[in-house]
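Participant: Residue strings, one per chain:
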Amino acid sequence: MDDKSEPLQIIKKAICTALVINMRKEERAMEGQPVLWFQQIKKKFGENVVLDGVDFKVMPGEIVSLVGENGAGKSTLMNILFGMSVIRQTGGYEGTIYMDGNPLNITNPNDAIHQGIGMVHQEFMLIPGFTVEQNIKLNREPLKKNIFSRVFGHSFETIDWDAENRDAKKALKRIGIDVNPGERIEQLPVGLKQFVEISREIDKENLKVLIFDEPTAVLTETEAEKLLKCIKSFSESGIAVIFISHRLDEVMRISDKVVVLRDGILVENAAVTSLTKEKIAELMVGRKLTERTEEYPDRNIKEEDIILEFRNVSVDMPGEDLRGFSLKVRRGEIIGIGGLAGHGKMAVSNAVSGMYPSTGEVLYNGKPLDVSKTGEALRHEIAFVSEDRKGVGLLLDQSILTNIIFNNLSLKGEFLKSYGFFTQIDNKAAKKTAEQMIEDLAIRCTSAEQLAGSLSGGNQQKVCMARALIAEPKLLFVSEPTRGIDIGAKRLILDYLLKINYEKGITVVMLSSELNELREVCDRIAIVAGGRLRGILGPKESNVKYALMMSGDESVRGGEDSYEKD
Amino acid sequence: MKKTKRYIQKLGVPRLIMLAFLMILLIAVGILHIPFTLTLSQCIVRVGINIVLALAMLPSIRSGIGMNFGLPLGIICGLLAGMISLEYNFTGLMGILMAMLISIIFSIIVGWLYGLLLNKVKGSEMMVGTYMGFSIVSLMCIAWMILPFHNTGIRWPMGNGLRMTITLEQWYDRALNELWMFKIGEVEIPTGLILTCAVFCGVMWLFCRSRLGIRMLAAGSNPEFSKFSGIDANRQRIIGSILSTVLGGIGIIIYAQGFGFYQLYTAPLMMAFPAVAAVLIGGATASKISVGNVVLGTLIFQSILSVAAPVASAIFPEGNLSEVFRTIISNGIILYALSKIGREE
Chain A
638 MDDKSEPLQI
648 IKKAICTALV
658 INMRKEERAM
668 EGQPVLWFQQ
678 IKKKFGENVV
688 LDGVDFKVMP
698 GEIVSLVGEN
708 GAGKSTLMNI
718 LFGMSVIRQT
728 GGYEGTIYMD
738 GNPLNITNPN
748 DAIHQGIGMV
758 HQEFMLIPGF
768 TVEQNIKLNR
778 EPLKKNIFSR
788 VFGHSFETID
798 WDAENRDAKK
808 ALKRIGIDVN
818 PGERIEQLPV
828 GLKQFVEISR
838 EIDKENLKVL
848 IFDEPTAVLT
858 ETEAEKLLKC
868 IKSFSESGIA
878 VIFISHRLDE
888 VMRISDKVVV
898 LRDGILVENA
908 AVTSLTKEKI
918 AELMVGRKLT
928 ERTEEYPDRN
938 IKEEDIILEF
948 RNVSVDMPGE
958 DLRGFSLKVR
968 RGEIIGIGGL
978 AGHGKMAVSN
988 AVSGMYPSTG
998 EVLYNGKPLD
1008 VSKTGEALRH
1018 EIAFVSEDRK
1028 GVGLLLDQSI
1038 LTNIIFNNLS
1048 LKGEFLKSYG
1058 FFTQIDNKAA
1068 KKTAEQMIED
1078 LAIRCTSAEQ
1088 LAGSLSGGNQ
1098 QKVCMARALI
1108 AEPKLLFVSE
1118 PTRGIDIGAK
1128 RLILDYLLKI
1138 NYEKGITVVM
1148 LSSELNELRE
1158 VCDRIAIVAG
1168 GRLRGILGPK
1178 ESNVKYALMM
1188 SGDESVRGGE
1198 DSYEKD
Chain B
185 MKKTKRYIQK
195 LGVPRLIMLA
205 FLMILLIAVG
215 ILHIPFTLTL
225 SQCIVRVGIN
235 IVLALAMLPS
245 IRSGIGMNFG
255 LPLGIICGLL
265 AGMISLEYNF
275 TGLMGILMAM
285 LISIIFSIIV
295 GWLYGLLLNK
305 VKGSEMMVGT
315 YMGFSIVSLM
325 CIAWMILPFH
335 NTGIRWPMGN
345 GLRMTITLEQ
355 WYDRALNELW
365 MFKIGEVEIP
375 TGLILTCAVF
385 CGVMWLFCRS
395 RLGIRMLAAG
405 SNPEFSKFSG
415 IDANRQRIIG
425 SILSTVLGGI
435 GIIIYAQGFG
445 FYQLYTAPLM
455 MAFPAVAAVL
465 IGGATASKIS
475 VGNVVLGTLI
485 FQSILSVAAP
495 VASAIFPEGN
505 LSEVFRTIIS
515 NGIILYALSK
525 IGREE
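Going line by line, the protein sequences match chains A and B.
Residues in the first sequence are numbered consecutively from 638, following my numbering.
Residues in the second sequence are numbered consecutively from 185, following my numbering.
In short, the hints are calculated from the structure, not lab data.
Worth double-checking, as some hints may not be accurate.
Derived DSSO-like pairs (lysine-lysine); straight-line CA-CA distance at most 27 Å [to be verified]:
(1) A/K1111 - B/K186
(2) A/K1027 - B/K472
(3) A/K1027 - B/K187
(4) A/K1010 - B/K187
(5) A/K1065 - B/K472
(6) A/K1065 - B/K187
(7) A/K1027 - B/K306
(8) B/K194 - A/K1049
(9) B/K306 - A/K1068
(10) B/K524 - A/K681
(11) B/K524 - A/K1004
(12) B/K411 - A/K681
(13) A/K1049 - B/K189
(14) B/K194 - A/K1068
In this text the structure is predicted, and so the values were computed from the model without any measurement.
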């Protein structure tokens, strides 16, 4: 064969393959052969039924969204598909999974990968010290034979670095991101890591089904946008996608079909066109979502009565730098601080609590507050519910009781009996208070002695709230109060914030990435973008105004509050 | 039935295994016609003299340092204080009390310095602690030779330095054990020793429930959390290290009086391990411990050791073999216990 005809041959071959693939796809679609069919899947953990007869099909090239509250059974279903050892250890499952019409027998994640099932995890499964290309081709490295491998076998072959680089580049290009394959993972920003993980999955040649487990949770909005486009393009190329997300907007936008799980039961399996966001949310919780459970009458908030004032505050917080922040918080209001992740809004509460060093002035009731020391704000009737629940928010291996009373005991010496030179914890009083809070906030637990670490996310958040509240604060900072918790608990926490604000007159500063919840609860919303305060908007302002302000657009000014620009 | 099941679950598998092993040994005692009452008396004493050393693990774990493998530091303080009490011929209970008081002074200083060091090596406290202990023991080998002690009872009869083993007969041999001692049948009950242990355990129990104790616990279990609440975790760790060292010093004095000897030079080298093993068997982890864990663990661990000794010598009456056998059992249990470190149940 001569040189000229070779490219021609290749093109010819490619066209043929494409045609065949296309035909196959059409064939399949016509026959209605699903690429994946979960047939009557049942799973018990001990006595607890977590999946009860889940049955749905995934067609080639289809995007199926799997939604449900935390604990609805989504992860268990994916664990079954991936042959995770936890399933086998707890007694296996009932029902069959079919792939292309054949029953699947997957006993470990490796089998699943060989069958063409890929997964992009919520927490990155990447090796930080390896380069992008090494991560993409891990355990599937293109190999070259050498003298040792001829003797000792396959494991001793050398890695073909050029081919690896080429493959990695191809995979990265396919999802349209621009990153040097030689870069080490640890040096990449969070958003890009997610894309590297996707590249790794699509580089697998026989990929038929790709699962995304909350892929946008860690992404900024523009990155999420890009990702969704990416997912669309996979489905167009014939790969089936199972998309797991809490963000119903995204679900509505990209899915072909939505599968809703509730307490292990499949409650809906329908085309997205026949559903609305509200309908899905309702199906997930099984009860109708109300706006607010209670409307509160207007409170008497005076513009000049300032409880906390920031004067030109700059905070040195890695990933959340804030510069020249000035804001007046009025007594009795609920003020929201909004903005995209990584733009500096988190620094606001961390500056007051003293967790990160700051410059500038913070005035509480007109007097300067020493924010260079942690604990100082807590002594001044200011309380915090931290965004980092597991890190700074809770003593995970201590009881709910200890968690709730700790600050009061440690800072104010409450719940203690004094015996001259030594003190003893007053368990009776502590238990009474803790049980009262458990009841008030409907914390689901076996007793006040249960370890905080064994609670679900929503209930952990309630424990954090309980601790903040028994300190009887005048000012409460809550950061990301609903992050990672299900809709039911979300509602309860937001309602509770409104309640304490009205009934106890506690001023609330609420920091959140979720604009909708801010707009629902707050009187005013300050928007932080690019480490600066961009303006203050009322909750009823238009979406466009919010969107522009959050993107740092200078043309939008919100305005009633004075803020200095430098 | 359900209640028993829950009780067994609460007790945990490692303790069940150890208790089963203890039962086997006790059956062996019966079969081999070893005098049971004598074994029981020894067992009580062994538990008593070791419990304070094991208790030294409590403040260190609760403050976030982890197992105090640097226990030899405290032991050295106790030994030094003991030597001073002997030098000035304090006898009886007065001698023990003086030794304890002096050791507390040393321990506070040493514990504070040790705490400063541990704050610099966060994350590898156990490894650094172990080698810190080893180094100090070696350094003290020189010190025992050159320190200016003059009492002929504790010096080598010829040459320089203190003896390897100092018999306490003329000072306070078994002074605590024999205080208010009585007999039930053949079994001796060392009331003084038991009361002393109870006092120390009680004090630590009260400490855990005090404001300082709870703040220390918070700092130990989540430094970020405690920082948020305005607690200096490093300071809590230093307090933990001081308390642990103090208990180590007092522990070795109680140990020595019950044992009848002070052992100098390389003797303290490995003494952290039985204490660590005891609390681990009692259900403690590198991040969690209670007084109950200490008491239960010491009871089981030291009982096994004291029962294993006569059983081993009855099975292998000839010479060294029983000693070898006993060492294997003791180190085997320590190894088993260490494999449980840091594991939540």
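Participant: Determine for every hint whether it applies to the structure shown.
Facilitator: Going down the list of hints, with the structure as the test:
no. : hint             : in the structure
1   : A/K1111 - B/K186 : 49 Å, violated
2   : A/K1027 - B/K472 : 18 Å, holds
3   : A/K1027 - B/K187 : 33 Å, violated
4   : A/K1010 - B/K187 : 49 Å, violated
5   : A/K1065 - B/K472 : 23 Å, holds
6   : A/K1065 - B/K187 : 26 Å, holds
7   : A/K1027 - B/K306 : 20 Å, holds
8   : B/K194 - A/K1049 : 35 Å, violated
9   : B/K306 - A/K1068 : 35 Å, violated
10  : B/K524 - A/K681  : 30 Å, violated
11  : B/K524 - A/K1004 : 53 Å, violated
12  : B/K411 - A/K681  : 42 Å, violated
13  : A/K1049 - B/K189 : 42 Å, violated
14  : B/K194 - A/K1068 : 22 Å, holds
Of the numbered hints given earlier, the model fails hints 1, 3, 4, 8, 9, 10, 11, 12, 13; all others are met.
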